[in-house]
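**Q** If you want the building blocks of each chain, they are given just below.
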Amino acid sequence: MFPLLTGVALIQTTLVSRINLLGARPNLMLLVVLIWTVMRGIDEGLIWAFVGGLILDLLSGGPLAGIALALLAAAYLAGQSLGEEVGSQAVRMVILTVLGATVYHVALLTILDWTGHTVDWGFSLTRVAAPSVVLNAVLAPLVLPPLAWLERATGEEGLSL
Amino acid sequence: MKQSKRPSVSIRRQGERSWLPLVLLIVGLLLLVFHESGLLAPVEGAAHYILDPLQRIVSGVVDSGGGVFRTVREVRKLREEVESLRAQVDALKLENVRLREYEAEAQQLRALLNFASDYPISAHLGTEVVSREGCQDFPCGGTLGVEPDPYLRYVTINVGAQQGAEEGMSVVSGGAGLVGRISEVGPRTAKVRLINDPDSAVAALLQTTRGTGLLVGQPDGSLQLQYVPQEEEVRVGDVVLTSGLGGLMPKGLVIGQVTAVQQKEYETFQTATVRPAVDFTRLELALVITGFEEVPLEEVTSEQP
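In order, the protein sequence lines correspond to chains B and W. For the first sequence, the working numbering gives the first residue as 1, with consecutive numbering after it. For the second sequence, the working numbering gives the first residue as 162, with consecutive numbering after it.
Note that these hints are calculated values from the structure, not bench results. None of these values were measured; they are calculated from a predicted model. Think of the CB as a built atom: it goes at the ideal place given N, C-alpha and C, for glycine as much as any other residue. There's no promise every hint is true.
[Said to hold, decoys possible] Pair by pair, the computed Cβ-Cβ distance ranges are:
| id | chain 1 | residue 1 | chain 2 | residue 2 | range |
| --- | --- | --- | --- | --- | --- |
| 1 | W | 236 | B | 116 | 49 to 57 Å |
| 2 | B | 3 | W | 232 | 40 to 48 Å |
| 3 | W | 233 | B | 90 | 49 to 57 Å |
[As the list claims (entries may be wrong)] Partial pick of chain B residues on the chain W-facing surface, computed with a CB cut under 10 Å:
| id | residue |
| --- | --- |
| 4 | 1 |
| 5 | 4 |
| 6 | 13 |
| 7 | 18 |
| 8 | 22 |
| 9 | 58 |
| 10 | 61 |
| 11 | 73 |
| 12 | 79 |
| 13 | 114 |
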């Protein structure tokens, strides 16, 4: 788990974060955590969220555990039995990504606000969070197949530390 | 053909209520509090010993991967020309492309070297070259990582405490354009808070009128010059420099140019929108100012007309 999440964090900070489409920024770690939570259950998802978030926090200039806590909130939501009646896994992932990413951005902004960073809520929610939520929802079906393969490959035991 | 009985994506969920969310939440909040109080600095420093080399490797791979794609694009263009030109001319054109790359790099490095000669008040620490040649006299590094938090504006540069970088040092690009200040130093990397981060504030000076103000980053990534007295004349096109007040950074670094002025008669101060001199999205080389002579307060105030 550690090598995978470290790899995701490094790709996030060196490559994915450079992408900015009209304010929308893809968040590979968020997508990985949300999808893994849906596939493997809330407990494993929360651990991935916490560990992956902490690695990103160490690579970020923001407060330590800020991203980790925001990912925890998103994973917790994704781990609930939301939209299970939806037939297609990909459609359910898109719905959960919209909800999870929204919670992630609100939680992240709240933590930044609490820790004394300047937060313009109106601008951040409308010009950064909203487009990022849409972009990540579009990207979720693309990240799903490789993680589904990994989930099948690792079997019932899942990934060890 | 034998088919797997498992669905392509399985959904597993523990039915019973777990304490894990609460435990992780509490641990996260504790980490947040300890980080804010500075108690975790040694642990974070130790983690950087592991993460920094990995980030350097991945960044190198990503950059070389981008180089491969660029090269592929160039080759495609050249193939179209091969049909109409002789092989010798093609070879010369390929060589020309490479030379242009070297020329562009040389121009950036020359700009950094010119900065040192143009700013004699800046005393730079003599430290090792990290990744680029031509920066023998001061830490000079390329950017490694981009801030993963979309609401903050930082870059990671590949010089750190081992090269002489310290928290608070100013970072400039070629041509003395102010990039930001180092906010966190690891052993071999440092995080630079860009001047357009919402928490960034720089004491600034208008080049023509010598009026002073405070340059503050905005959430949308723009820059605003605030607290400029109403009696000061601010014109579109005015160049904005660092004033050196406060002793945090050298005087005279180029910040940007005024693009709009917001003046209301009933307010004590006027505000100006400033376009940064540095294109932060294309920042490749950065230069860390490790020492400079502080500007006496009287010198700045006496300059004002």
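**Q** All hints, please: hold or fail.
**A** Now for the hints, and whether the structure bears them out:
1. Against the hinted window of 49 to 57 Å, the Cβ-Cβ separation of residue 236 of chain W and residue 116 of chain B comes to about 51 Å, which satisfies the hint.
2. Checked against the hint of 40 to 48 Å, the C-beta distance between residue 3 of chain B and residue 232 of chain W comes to roughly 30 Å, which is inconsistent with it.
3. Our hint of 49 to 57 Å for residue 233 of chain W and residue 90 of chain B is violated, since their Cβ atoms are close to 31 Å apart.
4. Annotation: residue 1 of chain B was flagged as interfacial toward chain W, and the flag is violated, the nearest CB pair being 15 Å apart, outside 10 Å.
5. Of the supplied interface hints, the one on residue 4 of chain B is violated, with its beta-carbon coming no nearer than about 13 Å to a beta-carbon of chain W, more than 10 Å.
6. The restraint placing residue 13 of chain B at the interface with chain W holds, with a minimum CB-CB distance near 4 Å, inside the 10 Å limit.
7. With a cut of 10 Å, the hint placing residue 18 of chain B at the interface with chain W holds, because the nearest CB-to-CB distance is about 5 Å.
8. Taken as an interface hint, residue 22 of chain B does not check out: its beta carbon lies about 12 Å from the nearest beta carbon of chain W, beyond 10 Å.
9. At a threshold of 10 Å, the smallest CB-CB gap from residue 58 of chain B to chain W is about 5 Å, leaving the interface hint in force.
10. Restraint check, residue 61 of chain B versus chain W: the minimum CB separation of about 4 Å is within 10 Å; hint holds.
11. Interface restraint check: residue 73 of chain B against chain W, minimum CB-CB distance 9 Å, threshold 10 Å, status holds.
12. Interface hint status for residue 79 of chain B: upheld, as the beta-carbon distance to the closest one in chain W is roughly 7 Å, under 10 Å.
13. For residue 114 of chain B, the suggested interface contact is upheld, since its CB lies about 8 Å from the closest CB of chain W, less than 10 Å.
Of the numbered hints listed earlier, those contradicted by the structure are 2, 3, 4, 5, 8.
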